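Can you make the complete structure from the sequences, with help from the hints?
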Amino acid sequence: MIHIAWWILFFPLISFAIIPFIPEAKRIFAGWIACVGIFFSFLITLRFARPMFDAGEFHTWYSKINWILIPGLQLELGFFIDSLAILMLLVVTGVGTAIFYYSLEYMEHDEGYKRYFAGLSLFAFSMIGIVISGNLLQLFIFWELVGLSSYLLIGHWYQKDEAADAGKKAFLTNRIGDFGFLIGILLLWTFSGPAGSRTLNFLQLNASISSFVQSSPAHATGLTIAMLLIFCGVLGKSAQFPLHVWLPDAMEGPTPVSALIHAATMVAAGVYLLARMFSLFLLSPVALEIIAYIGGFTALFAATQAIVQKDIKRVLAYSTLSQLGYMVMAIGLGSAAVGMYHLTTHAFFKALLFLGAGSIIHATEKQNIFEMGGVIKKMPFTSAAFLIGTFALIGFWPSSGFFSKDKILALAFSENRLLFISSAITVFLTALYMGRAISLMFFGASKIRKKLHEPSQKILMPLLILSILSLAGGFFGFERFLHDPNHHEMSGPNSLVIQLATVLGLAGVFSGFFFYRIGEKNRKSLLQPFSWAYEILMRKYFMDDLYDFLIRYIQQPFAKLLDWFERTIIVEGAVNHAASFTALTGRYFKKLQTGRIQTYLSVFFSGVVIAIYLIRFGALH
Amino acid sequence: MEIPLFYILALTAAASAIVVVTNRKPAYSVLALALMMVSLSGFFILLKAYFVAMIQILIYAGAILVLFLFVIMLLGIGSSDASGQRKVSVFIKMRRAVNIALLIAFASQLVLMISAAQHAFPQKNFSGTVETIGTALFNQYLLPFELVSGILLIGIFGVVNLTQRELSKKA
Amino acid sequence: MIPLTHYLIVSGILFAIGALGVLMRRNIIIMLLSIEIMLNAANLSFVAFSSSHADFGGQIFSLFVVAVAASEVAIGLAIAVLFFRSRGILDPNEMNLMKD
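Protein chains in written order, with this note's numbering: chain A, 1 to 621; chain B, 1001 to 1171; chain C, 2001 to 2100.
It is worth saying that the hints were derived from the structure and are not from the lab.
Any given hint might turn out to be false.
Unchecked claim - Pair ranges (Cβ atoms, derived):
hint: 1; chain 1: A; residue 1: Arg-567; chain 2: C; residue 2: Arg-2085; range: 53 to 59 Å
hint: 2; chain 1: B; residue 1: Met-1001; chain 2: C; residue 2: Glu-2094; range: 30 to 36 Å
hint: 3; chain 1: A; residue 1: Thr-582; chain 2: B; residue 2: Thr-1132; range: 56 to 62 Å
hint: 4; chain 1: B; residue 1: Ile-1100; chain 2: A; residue 2: Ala-574; range: 46 to 52 Å
hint: 5; chain 1: A; residue 1: Ala-583; chain 2: B; residue 2: Gly-1062; range: 52 to 58 Å
The structure displayed is predicted, hence computed values, not measured ones.
For every residue, glycine included, the Cβ atom is placed at its ideal position computed from N, Cα and C.
Below is the structure:
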């Protein structure tokens, strides 16, 4: 059992290794190899998950090999699979398989078909690596690999400037977060014990850190700093405020990539990291509180921006930001289980929404929702799938989103009223922007002149499967995989919260329909007083301008200073002068090399004579 | 009988070696070297190394020196020597003086060291015949023996390569 | 009975003469011949020590020296011939194409 766990990781890697060697003429095999690779990973994961589905038993598998063994530093490579990891693996490989299969059709005529599937496989490999890593350092390695593969996929259409820039933006923003993450890892390492017995292993980290915290009150502050630095990595990967800016731009990648990044892989990695290290975060209540506020703020902040977006993919991107904020907030409020539960259901319906949107974009070749309309008549199946996704995103009973979102709201209700209010507003806003998007896309007169038709089964099959999961995911018992280490029981249903959320959701959808469908003619006059708010939202709260200012007026002059220092002091002063000194001495010593063999022999022979004299007079004893 | 023979051989060897080094004509040098080889094989017989003595004459005098003679004849440099024709520069004169001083230092010190060592010389029933040498060579020293064949092979390759290039350039 | 020392002194004298030739003659052929003298001086020491210690190793290594000398002479003479063909002289001081 334990040895096959490696194959979960290696199947996508093998696909990645094979794909470049497939001849261009037979490139269709590249897609199939990628699909089969991740599907096999999924099957093995199911093998691990079965005892939990069957009997609710919790197993933990752990295995390692030693990597670096020097005195004072023991590093190992290993995997650690518990119920949390299995749930995450199910999401990554399961939703991943659906997206891979979908891509077969979606990317069929793309020039970089092989490159695309190689990138997808690498992405899956890195993400699985994060999930099964047995220690923080190994996790960090895969974490960076995820950053790299996301760069490759977002910039897949690198001929387009926007796509290339978006790839760079994602990579650089993540680097900023990862820098803090790395420092946090190193801090934790020093906290984990006296030199020589330090560890980054998840199994031992908890005990060693809790004894560290108990040893002195000052240590608690140190731990808070370390945990917040680790949270910096989450800020980057899971796109929380203020490092969220890369995610909307990442929409420049192919739509299945957006689905993969938003649902199953990249952004989920940050939340997964929080859940994986949750027992350590629990030791630092201050850090948890900050995390909760950042999450809650991101949820609200992103939801407001989603209202004004015109590109359907950007609407979904801001919605992802907002939902991620929910997850982070739930974990910050003290329940990793609730956060992970929402991650799971969100993976289903967000993948469904993206794939549905991709299907519509594929057919209409448009992304602006104002240019669509009436799609439901032309593409009923896709539209139904999209509507199911919307249903789940807003959180109506009995969809999967209802269960997870209700748990988050109930948690916020019992833990922090301020965050509860902001979450409730977010529920309303979510319903509002989704209602707006749907009314514009699916209903009314069609503005598309092209003849539309449903796509082939390669696109419809994943939509069907994900629809089922989104609709009925709440009844499959995914919460069995989740148990808080502090045995925090998941909050039961709270009728007040449920009623409030449902009312807010309905109100939101209705307002969306009202403004963009029924009362369309009066919209301009009704919204006239709020044009300043519209402006702010369109400019993304001036976040991009702020970053632009920071880079242009602060980072750039500093870089210029460093550049000057390097050029004049280091290169001109030190390096070049050292080089000219070497050249000068070389010019003089060159004269010793006469090129006359007998001179060399004479020198050699005099050396022999000197050696003989030294031996003779005992100098070499 | 033994002691006068040793001194005759030693004188012959040293004298012929000096002739090799000083003679203007390379052909004479080669012949003097052949004489030195013969006297050395005389030493080997005195030391009861009969097999090595035979090899010394057969291979050195018979093969290697003949090769030298061939080359000298081929190049037609019967009496020419660079030092005779060209003006000797100050640098080379200086180098010569240094060389001679070095050699005197070397030889004197060597002789002093050796005479201080005072080795006994047992000899007993020890003699290097074909049989004893062969037994040792193909048992104890088999690996070095095989390696030497590698050196010879590389030598052959080297010579063929060097001369081959010469041929192809002409063609 | 001749002591070992005598053989070694003869060997040393021959070696010194050979070294003199290598260092001072400006003719590649003579230099090669002088190298042969040096190798033979070493051979004499080998055989003398072999008899002194009643060990065949020295004699066998003198055979190896002969083999190495044969290879060295073959290659050395080939180079000498090529050099003479291209430059018309045998002065090793003119072997300076690789300089600079």
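Which hints, by number, does the structure contradict?
-> 2
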